[in-house]
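Undergrad: Sequence:
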Amino acid sequence: MLISSQGLNLLLPVLMFHVLSFASGYWVPRMSLWRQDEKTARTLSICSGMQSSTLAMLLATQFLGFTHASPPSYSVHSTPHSQSIVSRVWRGVV
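The opening position of the sequence shown corresponds to residue 4 in my numbering, with each subsequent residue numbered one higher.
Incorrect hints may appear among the rest.
[Unchecked claim] Cβ pair distances, simulated, as ranges: (1) Arg-91 - Gly-68: 35 to 43 angstroms; (2) Thr-43 - Ser-87: 16 to 24 angstroms; (3) Ser-87 - Met-19: 13 to 21 angstroms; (4) Asp-40 - Leu-67: 35 to 43 angstroms; (5) Phe-69 - Asp-40: 37 to 45 angstroms; (6) Gly-68 - Gln-39: 35 to 43 angstroms; (7) Ile-88 - Val-31: 17 to 25 angstroms; (8) Val-96 - Met-19: 21 to 29 angstroms; (9) Ser-35 - Ser-73: 33 to 41 angstroms; (10) Val-31 - Thr-64: 23 to 31 angstroms; (11) Arg-94 - Trp-30: 35 to 43 angstroms; (12) Trp-37 - Gly-68: 31 to 39 angstroms.
It is worth saying that the hints were derived from the structure and are not from the lab.
We put the beta carbon where it would ideally sit given N, CA and C, even for glycine.
Build the full structure now, drawing on both the sequences and the hints.
TA: Right, here's the structure in full:
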């Protein structure tokens with residue numbers, strides 16, 4: 004079997020983490036306090052989605068040790084795929 008049960012258990016939290024980071028990266032700049040345009044909000048969304056998983060991995064290895072770094076490292080490897088999906092949806096390709 005290529006995917007272990009532990010890997011499948013990590014799938015939902017990692018996906019929810021990415022959805023939250025992309026959504027907050029888009030909606031926070033669009034709030035009335037900042038009033039950023041659509042292009043800027045999309046750029047910030049992709050940046051926050053990319054950097055949040057890297058930060059999670061660095062914090063986990065720094066403070067919790069390498070044994071707790073597998074969920075964030077899985078997230079780092081899935082980041083390019085989720086960014087690609089988000090950008091394709093925004094371009095109207097999907």
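Undergrad: So the hint says 17 to 25 angstroms: do the beta-carbon atoms of Ile-88 and Val-31 match that?
TA: holds (21 angstroms)
Undergrad: Take a look at whether the Cβ-Cβ distance between Phe-69 and Asp-40 falls inside 37 to 45 angstroms.
TA: holds (42 angstroms)
Undergrad: Taking 35 to 43 angstroms as the stated bounds, is the beta-carbon spacing between Asp-40 and Leu-67 within them?
TA: For Leu-67 against Asp-40, whose Cβ atoms are near 39 angstroms apart, the range 35 to 43 angstroms holds.
Undergrad: Please test the hint of 33 to 41 angstroms on the beta carbon pair from Ser-35 and Ser-73.
TA: holds (40 angstroms)
Undergrad: Is 16 to 24 angstroms a correct range for the gap between the Cβ atoms of Thr-43 and Ser-87?
TA: About 20 angstroms separates the Cβ atoms of Thr-43 and Ser-87, which means 16 to 24 angstroms holds.
Undergrad: Hint says 35 to 43 angstroms; check whether the CB-CB distance for Arg-94 and Trp-30 agrees.
TA: Cβ of Arg-94 to Cβ of Trp-30: about 20 angstroms, so the range 35 to 43 angstroms is violated.
Undergrad: Hint says 35 to 43 angstroms; check whether the CB-CB distance for Arg-91 and Gly-68 agrees.
TA: holds (37 angstroms)
Undergrad: With respect to the beta-carbon atoms only, verify the hint that Val-96 and Met-19 lie 21 to 29 angstroms apart.
TA: 24 angstroms Cβ-Cβ, so the 21 to 29 angstroms window holds.
Undergrad: For the pair Gly-68 and Gln-39, does the Cβ-Cβ distance stay inside 35 to 43 angstroms?
TA: holds (38 angstroms)
Undergrad: Can you let me know if the beta-carbon spacing of Ser-87 and Met-19 is within 13 to 21 angstroms?
TA: This hint holds: roughly 18 angstroms between Cβ atoms.
Undergrad: Hint says 23 to 31 angstroms; check whether the CB-CB distance for Val-31 and Thr-64 agrees.
TA: holds (27 angstroms)
Undergrad: Do the Cβ positions of Trp-37 and Gly-68 conform to the proposed distance bound of 31 to 39 angstroms?
TA: holds (37 angstroms)
Hint 11 from the list above is the single one not met by this structure.
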